Structure formats: structure tokens, C-alpha cells
Amino acid sequence: MTSARGRLRSPVAIVGYGLSPIERRSSKPLGALAIETALAAIGDAGLRKEDVDGFTTGAVLPSAGGHAAVDGVSIVSATWMGEHLGIRPRWSSGFQGYGQLPGSVMLAANAITSGAADYVLLHRALANPAGRYHENPMLQAPGGAQWTAPQGLWGPPAQIALPYNEYMQRYGATREEMATVVVELRNNGSRIPWSYWNGKPITVDDYMNARMIADPISILDCDIPIDGVAAFVLTSAERARDLPHRPVYVSGYGQGSPTALTSGTVWTLDEMMEGGRIACQRLWESSGLTREDIDLPQLYDGFSPLVYLWLEVLGYCPEGEAHHFVQNGAISTATGLPIASGGGALGNGRLHGVPQMLECYLQLSRRAGDRQLANMEVGLACHSSPHFGGAVLYTTEPST
Amino acid sequence: MTELTKPIPVPDPRSEGFWSAAARHVLALQRCESCGRIAHPPVVICPACLSGEARFTFVPISGRGRLRTWTVMRDAFLPAFRQEIPWVIGEAELDDARGVRLLARVAAPAETRLTLGTPVETVFEDVAPGVALPVFRLLGS
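Top line first, the protein sequences correspond to chains A and B. What the first sequence shows, in the working numbering, is residues 1 to 400, in sequence order. What the second sequence shows, in the working numbering, is residues 401 to 541, in sequence order.
If you are wondering where the hints come from, they were derived from the structure by calculation, not from laboratory data. Model, not experiment: these values are computed from the prediction. Built from N, CA and C at the ideal position, the CB exists for glycine as well. Be aware that one or more of the hints could be misleading.
[Unchecked claim] What the simulated footprint calls covered on chain B by chain A, stretch by stretch (three residues with Cβ under 8 Å from a Cβ of chain A suffice, anywhere in the stretch; the number is not a length): (1) 407-417; (2) 435-445; (3) 454-463.
[Claimed, not checked] Simulated DEER-style distance windows between Cβ atoms: (4) L61(A) with L538(B): 37 to 45 Å; (5) A260(A) with R513(B): 29 to 37 Å; (6) I219(A) with E484(B): 53 to 61 Å; (7) T113(A) with L450(B): 31 to 39 Å.
The whole structure should be built from the sequences, with the hints applied where relevant.
This is the structure we're talking about:
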């Protein structure tokens, strides 16, 4: 039993959601998509927009391409959302950092618990800007870029390739082993009606023949950039009782919060694991739950190797063994640990932690339709790398 | 066909010492005057002692080290690097600054068999007047 630190003083629940179409490029401006999705979420929760008095998001545009972050066009901030819904919110705050979904849930839950807001709309809007996502025509490299761009290292795929290669070399992991993970995520995504990859499963051969970007990262190890928005409504457990859907409770959370990079230019595998262990310790402390309690661990997979890191920091297998652990049906939704049932980022498109959070909500609220899994009581939604992202534990009953 | 121009590092008050030494083909890293800790990339406040003095000097250091990891780049998000595909980028831990890592292109063909711990030395390549970049050369092969 871990000691209680960081626990919510009173239970908070998700009571409704909205999800836009997920398209490579939407015909609508991101802000319009966001408003439409927000109104859908508010209606789904059985509320009127006037009931909503708090807004939060993590609005970062995760592109190295130098695209301008224009509020309402390429990003949608919490304040923009409140302003354009025509609401004068009592509380509005953006999450600063990575792991935007768990970070925003932490902000929303604490705002509700403290009384700063009664009904919080939490959204994530992601744009796929024109041109190649990470392409950057810079001729001069100031700031952090001076250490990477002159060498030709640019963009997250190459940055994750470095610690992933360290993993593969240290533990003897292979691309064939990773094919199991990516194929499972894509196949689950292909069965989800709203997924960008709906009806488009892949085979191990597809994965093995995928175009390489930065060894050992191929195009299929990266989620596809899309235009899309998700919104969730959160409120207190007490108010949730009066609303139409079965509430799904926020029962704990943890963030990795790394210290500054001062010994090198990219994170090492060891630094990522260390931060991840801290995030998990906080997860257990804040919830009183343990890994064994989790029915539905939705691991983050915006880059495929992050699945290995989450499996290991959560303790599903010893460090360095995730590439073995995932084989032989162990992560098949039909026969094993359903880490990929929601399709994740690789099976839906670049919605950051939305697929993980949405799958926890749908399964725990019994709203997953023909994908409904039996006996789902505790879900875990991870986002980003474990060392600077985070995770939220959701339950069908409020924590005590 | 016109050759595209690669990005050139823009020194700032913290990094000027690194790039001026690099221009002379010398590897120099930022050392805290209060506690002696080497930091890279250069910092505004020493992560070891948090000294409010924030006084740093750049000290020459051996560019020998061992590869911590590497990647073979097969796509270029910076357009001028398309002509380099494939090229190798590595991060090496320096023998004389424990735990401190330097990132640089590895001067070796993409097919080269590298391992964690492959020994390298740092040399410099002039890329513009007064601007040189560190490059790793494999040792002992």
C-alpha cells in the first residue's frame, strides 16, 4: 500500500463527450470544428452551454515545421473556446507542458474539487498544417536548434529514434517484434468507425516494408497528422448523479515532470525510464490503486516505442523485456491485456492522448457499443512519453 | 541545380564560447566556476549548485567518447539535407566529462556496423566562414 499523496479531496467524473470527424485535412477551420465538438459534448452531458463555467486544454501545436500557432486556426486555447462559445467562464486555464490530456484532466479535476468551476469543458484540438508536418526551411539555427539542426537532426521522429535505437541495441529488440504492437493497434483502429484508419488494417509485411524515416523509426511507427477535436465534460460526482450517462470517475493521476536537459541534446533511454517511474509512483499514490487493479490500460503510442516504455515503467514486465512481453497474443484485445483496444494514436490519427482517454470513458461508461468489453471497472489513459507525459486512472465507482 | 543551404548555428551569450572554440577546431564545454560541473548544451544556471553567481567558462575538453546511441537518417525535414540521405547522427558520452554527451554527425557510411560504446573522436568541419561543426570520427577501426 502506497502512502496517499496528491489525492483529490472529492470525486470528479466525466459525464459526456464529443468527437469531430478525423480527417487528414478538414474543410472547416479548426476553431469551427472545436465549437461544434464542444457543443456536442455539452449536449451529450445533458447540459446547456450556459451551465459550463470552466475551460481547459493543452493547446500546443506539436510541429517542428515552424508553423504559426494561430488561436482558432491552428490551435484552440481554453480562453478562445470560452470566448467563442459566448460564455464568460469563471475559470479558464491551459495546461503548460507535455502530456496535455492528463495535464488538462488534473487541472479540471482540481478546479472542480476546489469550487473554481462546476462544469468544465476539456478539449483537445489538433491541426495538420499545410505542407509537410515537420519540414522547416530554416537557414539559421538559434536557441535549442543550434545543437541539432546544423547536424540535420530535426523533428520528433529522429529524436525518438535515438533512445529507441539505444533500447534495441541494449536489449536485442527487433523491428519484427514491434510489428506485433503496430499491427494490433492498426487492426483495432480499423474497426473503429471514427478512426482515420477505419477499414484499413495492416499486416506484418506492411510494417516491415514501411518507408524508414530515421532508423529504427519508420513511417508506421508514427501516428498520422490529422485535423480533429475531442471534448469532454467533467463535473463533481454529486452533480454527475443528475446527468444522463453513467459517470466515469477520475481516481488518480501522475505526471513525469523531468528536470532540464543539461547533460546532452536528446533524452536518453535511462532518463526517460527514470521520469516514467516517478509518474507511475504518483499514479499509485494519488489513487490507492495498483497495476493489478487495472482492467483497461490504454498505453500511449504516438511513437510505437513509447508502448514498450509504458509497459516497463508500469511494471507489466521487467525493464528491457517489453519487446518479448507483447508477443504471442499477450496484447491482443481478444486474448490478452487490452492495451490497444482503443486503437491508440497509431490506429486513430494524431489526437495525442484522446484515443486513450476516450476508450477509457466509453468502456467504463458502457457506451462502447459493439466494441464493449466485459467487466471494465478500472481504466488507465496514458499520454506522451512516460518521462514528460502522464496518465490518469479512471474508475466506474468513485474512489474512497 | 542550386545547392540548398543548411542551417548555420546562431551563437547566443551562453553558447558563444562553444562556437568560437569550434571555429578554431577545439571542443570546449561550459564549466560552472562555483562547482566545476560541466553542462551541455550550455545552461543559464548550474544544475548542480544553482549558484546565483552564474559564472561560467568554456574549457577545452577531449572529444574522445563512446557512442551512446545513433540513428541513420533516411528522410530530411530540413530540405538541404535531402542530398545527404542517408547520413548517421550519433550522441557520444565524453571520456573526460562523465555523463556529458555531445551530438554530431558520424563520419561513416550508413552501412557501418556500430555498437553501443563504439569509440569516437570529435573533429571539426568548416561549414561557413568562422563556423565549424563537430563531427564524430570512428576510432580503432
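Structure-based check of all given hints:
For the stretch 407-417 of chain B, the assignment as covered by chain A holds, since 7 residues bring a beta-carbon within under 8 Å of that chain's beta-carbons and 3 suffice. By the rule of at least three residues with a Cβ nearer than 8 Å to a Cβ of chain A, the coverage given for the stretch 435-445 of chain B holds, with 4 such residues. Taking a C-beta to C-beta cut-off of 8 Å, the stretch 454-463 of chain B contributes 0 residues in contact with chain A, too few for the three needed, and the coverage statement is violated. With their beta carbons about 39 Å apart, L61(A) and L538(B) fall inside the hinted range of 37 to 45 Å.
A hinted range of 29 to 37 Å for the beta carbons of A260(A) and R513(B) is consistent with their spacing of about 34 Å. At roughly 19 Å, the beta carbons of I219(A) and E484(B) sit outside the given window of 53 to 61 Å. At roughly 33 Å, the beta carbons of T113(A) and L450(B) sit within the given window of 31 to 39 Å.
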